[in-house]
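Chemist: Each chain is listed here by its residues.
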Amino acid sequence: MKKDKLKKRIIAVSVLAAILVLAALFADFIVPNDPYAMNATLIRKPPSAQFIFGSDNLGRCVFSRVLTGARMTIASTFILVAISFVIGTMIGMLCGYYGGFFDELLMRIADLMLAFPQMVVAIAVAGILGGGLKGALIALGITSWISFARLARSHTMTIKSEPYITVSKLMGKNGLYILLHHVLPNIIGPLLINALTQVGSTMIGISGLSFLGLGVVPPQAEWGSMIAEARAYIQIAPWAVLFPALATIVTIIVFNYLGDAVLEYKNDR
Amino acid sequence: MKKQLLYRVLGLLAVLFILSILTFALLYIAPGDPAEKRLSSQGVAITKEVLEAERLRLGLLRPFFVRFGEWFFGIIRGDFGISFKDDLPVAPKLAAGLQNTLILAFSSLFVSILISVPLGIISAVRENSVLDHVVRLLSFIGNSLPNFLISVLLMYVFCIWLDVFPIIATGSLQGLFLPAVSLAIPMSGRFVRQIRAEVLRELGADYVTGLRARGVSEKNVLVNNVLYNCMGHIFTIIALQIGILMGGSVVIETIFRWPGMGDLVMDAINARDYPVVMGFVVIMGTIYVVINFLSDILCQVIDPRVEA
Chain U
1 MKKDKLKKRI
11 IAVSVLAAIL
21 VLAALFADFI
31 VPNDPYAMNA
41 TLIRKPPSAQ
51 FIFGSDNLGR
61 CVFSRVLTGA
71 RMTIASTFIL
81 VAISFVIGTM
91 IGMLCGYYGG
101 FFDELLMRIA
111 DLMLAFPQMV
121 VAIAVAGILG
131 GGLKGALIAL
141 GITSWISFAR
151 LARSHTMTIK
161 SEPYITVSKL
171 MGKNGLYILL
181 HHVLPNIIGP
191 LLINALTQVG
201 STMIGISGLS
211 FLGLGVVPPQ
221 AEWGSMIAEA
231 RAYIQIAPWA
241 VLFPALATIV
251 TIIVFNYLGD
261 AVLEYKNDR
Chain Z
1 MKKQLLYRVL
11 GLLAVLFILS
21 ILTFALLYIA
31 PGDPAEKRLS
41 SQGVAITKEV
51 LEAERLRLGL
61 LRPFFVRFGE
71 WFFGIIRGDF
81 GISFKDDLPV
91 APKLAAGLQN
101 TLILAFSSLF
111 VSILISVPLG
121 IISAVRENSV
131 LDHVVRLLSF
141 IGNSLPNFLI
151 SVLLMYVFCI
161 WLDVFPIIAT
171 GSLQGLFLPA
181 VSLAIPMSGR
191 FVRQIRAEVL
201 RELGADYVTG
211 LRARGVSEKN
221 VLVNNVLYNC
231 MGHIFTIIAL
241 QIGILMGGSV
251 VIETIFRWPG
261 MGDLVMDAIN
271 ARDYPVVMGF
281 VVIMGTIYVV
291 INFLSDILCQ
301 VIDPRVEA
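These protein sequence lines map, in sequence, to chains U and Z.
The numbers in our numbering rise by one with no breaks, and the one at position 24 of the first sequence is 24.
The numbers in our numbering rise by one with no breaks, and the one at position 241 of the second sequence is 241.
Just chain U, same shape as in the assembly (with noise of 0.2 Å):
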């Protein structure tokens, strides 16, 4: 009974999480002005039926810029996700299957970049490198294939005795057909899982170094560095901070809670 309103439940906000990433995807199609053209005749207008969320300080479509930003905000979020994913795994898989020195050494170098705070490490790197969105991302992908690893390497290693798996290596299998056939299938929920529960602190992540302007530069639209943009001039237009603020909180509403009640519902099982 609980269980199937969970599952309503996780049925309808992946329906509004791909309602997100589709707006986010076609975005070109949508937006009902040009998010970069300026027009000084029409700046920080309130909202109206041609701004539908007001103008900007150059008077740029907000609405235009909060469609098109969703794409950088979405797509570096999954990108960056979707990178960690694959490198975790792998790193966490090999680590699980063969042991040995460079398991050690691999673990051992996860921990340590645990023992850090990874929004300092973060920042610094990113400012370091000289901001832009790339840097951000390399930034904080330095921790984030660490929770992918581990888990993949536990995984890993409770199957890597299962007798599938000796089968295969008595049928003179070798090591990565044996990983990518037998071992990936295995383990991919609890990863996948994991994936979606990364999503929005990754998001508060690169729209905060995008906020303080260590990611996304400006004039390209993105939500963190369009809410510091318009903060200056907050008191006069409202409207230009608090919409994008308003889809950054959505945003992440909706893939937190997704990830919650897809482990809430594999829990239950």
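Mixed in with the good hints, there may be bad ones.
[What the hints assert, rightly or not] As a list, the in silico DMTMM-like pairs of lysine to aspartate or glutamate whose alpha-carbon atoms are at most 20 Å apart:
| # | chain 1 | residue 1 | chain 2 | residue 2 |
| --- | --- | --- | --- | --- |
| 1 | U | K5 | U | E162 |
| 2 | U | K3 | Z | E127 |
| 3 | U | K2 | Z | D206 |
| 4 | Z | K219 | Z | D206 |
| 5 | U | K266 | U | E104 |
| 6 | U | K2 | Z | E127 |
| 7 | U | K5 | Z | D132 |
| 8 | U | K5 | Z | D206 |
| 9 | U | K3 | U | E162 |
| 10 | Z | K219 | Z | E127 |
| 11 | U | K2 | U | E162 |
| 12 | Z | K219 | Z | D132 |
| 13 | U | K266 | U | D103 |
[As the list claims (entries may be wrong)] Far from chain U, by Cβ distances over 10 Å, these chain Z residues were calculated:
| # | residue |
| --- | --- |
| 14 | Q4 |
| 15 | G74 |
| 16 | R77 |
| 17 | L176 |
| 18 | S295 |
| 19 | C299 |
[Said to hold, decoys possible] Which residues of chain Z face chain U? A partial, calculated answer using Cβ under 10 Å:
| # | residue |
| --- | --- |
| 20 | L26 |
| 21 | A91 |
| 22 | F280 |
No lab work stands behind these hints, which were simulated from the structure alone.
Glycine is no exception: its CB is placed at the ideal position from the N, C-alpha and C atoms.
Fit chain Z to the supplied structure of chain U, relying on the hints for placement.
Modeler: The following block gives chain Z in isolation, referenced to the frame of chain U:
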């Protein structure tokens, strides 16, 4: 126990040493050249000779380990080098910033512990009550809000709508309120979730059923047993949040111009003033590593079930 402690301390020192190597290595991934930046900001025409001389003067030409050794032993003595920006020693700047950051960090930590410990416990004890649902919803939302957003929204409400606080923190108690609350809201969200889960787990343990069966009062079970057993974990939860608090305070300090380390480091990043950035990472990293070390030890002292 003593031998164990010794190993732990050695491990701690090793981690701190690696932290300092990694921090120093940050210089080598930097694309900009501080010598060049310095000269151009002073309006000197950059020729190859002048650039080389400046690099030599700043000590940028010597090998990695020589420079690292010098820097490392300097830091142990409390000398963080000379700022690239204005040729003043970095240490006093960092010390002043650290003091302000600590004031901010402690007040926000205090506020969020004050809010979240009682809420977490009540919401666990009254699981699935209306109160529990409300607390869970609020903590979920708090946890999902980036702190820069909270501070911008708070600023809008309190400084512009209600006009009760100054926008730029002046270092007074009034100026402390908004930055501290901005940091405390997401932190309380995480605390409440974790504390609630911890208390719930403990309440489901067999000994609680046993105590209840023997007619021990619910209050006694909760205060003398469950909370007592949770204490160690709650300390760990708080200690782990310190790292997030540090990153968050950089953002908050920049927004409110609170004269702490975060504000200092953002200015230093923009000016490519590497000694300040490195000092910031070393100090923050050391505080975090040491706090987590102490909380582990404390956890073992108050809870003998925890194995080393």
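Chemist: Does each hint fit the structure? Answer for all of them.
Modeler: Outcome of the hint check:
1. U:K5 x U:E162: violated, 35 Å
2. U:K3 x Z:E127: holds, 18 Å
3. U:K2 x Z:D206: violated, 25 Å
4. Z:K219 x Z:D206: holds, 17 Å
5. U:K266 x U:E104: violated, 30 Å
6. U:K2 x Z:E127: At roughly 16 Å apart (the allowed maximum being 20 Å), Z:E127 and U:K2 satisfy the hint.
7. U:K5 x Z:D132: holds, 19 Å
8. U:K5 x Z:D206: Distance of about 30 Å is beyond 20 Å: violated.
9. U:K3 x U:E162: violated, 31 Å
10. Z:K219 x Z:E127: Cα-Cα ~16 Å, so holds.
11. U:K2 x U:E162: Not satisfied, since the Cα-Cα distance of roughly 34 Å exceeds 20 Å.
12. Z:K219 x Z:D132: Holds. Z:K219 to Z:D132 sits at ~19 Å (cutoff 20 Å).
13. U:K266 x U:D103: violated, 29 Å
14. Q4: holds, 18 Å
15. G74: About 19 Å separates Z:G74 from the closest Cβ of chain U, which puts it past 10 Å; holds.
16. R77: holds, 23 Å
17. L176: holds, 20 Å
18. S295: holds, 13 Å
19. C299: holds, 16 Å
20. L26: holds, 5 Å
21. A91: Given a least distance of 18 Å, the restraint on Z:A91 is violated.
22. F280: holds, 7 Å
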